[in-house]
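Under the working numbering, the first residue of the sequence shown carries the number 50, and numbering increases by one thereafter.
None of these hints come from the bench; they were simulated from the model. A couple of the hints might just be wrong.
[Stated by the list, open to error] DEER-style ranges, computed between Cβ atoms:
id	residue 1	residue 2	range
1	E143	E88	29 to 37 Å
2	P84	G133	15 to 23 Å
3	A164	F60	16 to 24 Å
4	R161	Q89	30 to 38 Å
5	H82	A164	17 to 25 Å
6	R160	D59	27 to 35 Å
7	Q72	A107	26 to 34 Å
Just so you know, even glycine gets a beta-carbon here, dropped at the ideal spot from N, CA and C.
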Amino acid sequence: MARILLFGLDFAVAEELSSALRQAGELVQTAAHDPQILEQGDFELVFAPAMQLTRVQASCPGVPVVVVSRIPEVSAWLDALEKGAADYCGAPFEARQVRWLMHSTMVQAQRRAAA
């Protein structure tokens, strides 16, 4: 079971992602914009909007950040990856998609840590 933070997402998006992740058996914590939650660390994965990417990366170095957006555009996806996001998740979300994305991101992070 991974400890996953949904940070800075609007309520509807956070609820949708949280439901999919909990169905996969993950421990999910949601924080609207509380910077103290980032300082607590101990997260294995963070889902956040693009505008929060740099902030989350600075507060949680080494923790993969998946950028979440309601706008599934290729340019937004590439921009997020170029800025260091582990991946990009565009709405609408499907439970299977979110589980796959979470799993692949965690595996990549574990490989990097082991290297």
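A quick look at each hint next to the structure:
no.: 1; hint: E143 / E88: 29 to 37 Å; result: holds, 32 Å
no.: 2; hint: P84 / G133: 15 to 23 Å; result: holds, 19 Å
no.: 3; hint: A164 / F60: 16 to 24 Å; result: violated, 38 Å
no.: 4; hint: R161 / Q89: 30 to 38 Å; result: violated, 23 Å
no.: 5; hint: H82 / A164: 17 to 25 Å; result: violated, 34 Å
no.: 6; hint: R160 / D59: 27 to 35 Å; result: holds, 32 Å
no.: 7; hint: Q72 / A107: 26 to 34 Å; result: holds, 31 Å
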